[in-house]
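Working from the sequences, and respecting the hints, build out all of it.
Per this note's numbering: the sequence shown = residues 20 to 159.
It is worth saying that the hints were derived from the structure and are not from the lab. The reader is advised that the hints may include incorrect statements.
Just the calculated beta-carbon pair ranges, DEER-fashion [said to hold, decoys possible]:
# : residue 1 : residue 2 : range
1 : Pro98     : Pro37     : 29 to 37 Å
2 : His67     : Gly38     : 22 to 30 Å
3 : Arg110    : Glu22     : 38 to 46 Å
4 : Leu148    : Asp120    : 18 to 26 Å
5 : Pro49     : Thr153    : 32 to 40 Å
In this text, a Cβ means the ideal position worked out from N, Cα and C, and glycines have one as well.
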Amino acid sequence: MTEYRNPVPTVDCIIELPGERIVLIRRRNPPLGWALPGGFVDEGEPLHAAAVREAREETGLEVELVEQFFTYSDPARDPRRHTISTVYIARAEGEPKGADDAAEARAFPLAALPKELCFDHGTILADYLAYRRTGARRKL
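So, in structure tokens, the structure goes:
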């Protein structure tokens, strides 16, 4: 019998805080580095619920999802396996505190985001910043 190998669904959350800041986490597990809060979708869990749950688990923030931004599916986006990430834009109040898979959570001004990010999160944030400037979404 043929074994089917399918991509794994994940979510990521661009959390906007007052003062034009974005929340990033420093990952506790490999691959190490800064990343958007997010993770794997549990079986039976809607994508939007997974985004809210992962944001809460990793940052301690209660987020309000504003919109579904884009879905990223490059097979090389995660070195561990092929994942498909649906990215949400969210808003929150307060200061993030790293927990669960996040060794640290920090709010960064948009003008001072770390250059080295895990996965394809640099691409995601570049797309987000372009979207904020122009209103145009990533082209397929």
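Could you check the hint for me, namely that Leu148 and Asp120 are 18 to 26 Å apart, CB to CB?
holds (25 Å)
Consistency of beta-carbon spacing, Pro37 to Pro98, with hint 29 to 37 Å
holds (34 Å)
C-beta pair Arg110, Glu22: status relative to the range 38 to 46 Å that was hinted:
holds (42 Å)
Verify the CB-CB distance for Pro49 and Thr153 against the hinted window 32 to 40 Å.
holds (35 Å)
Taking 22 to 30 Å as the stated bounds, is the beta-carbon spacing between His67 and Gly38 within them?
The hinted range 22 to 30 Å holds for His67 and Gly38, with Cβ atoms some 26 Å apart.
Checked against the numbered hints given earlier, the structure satisfies every one of them.
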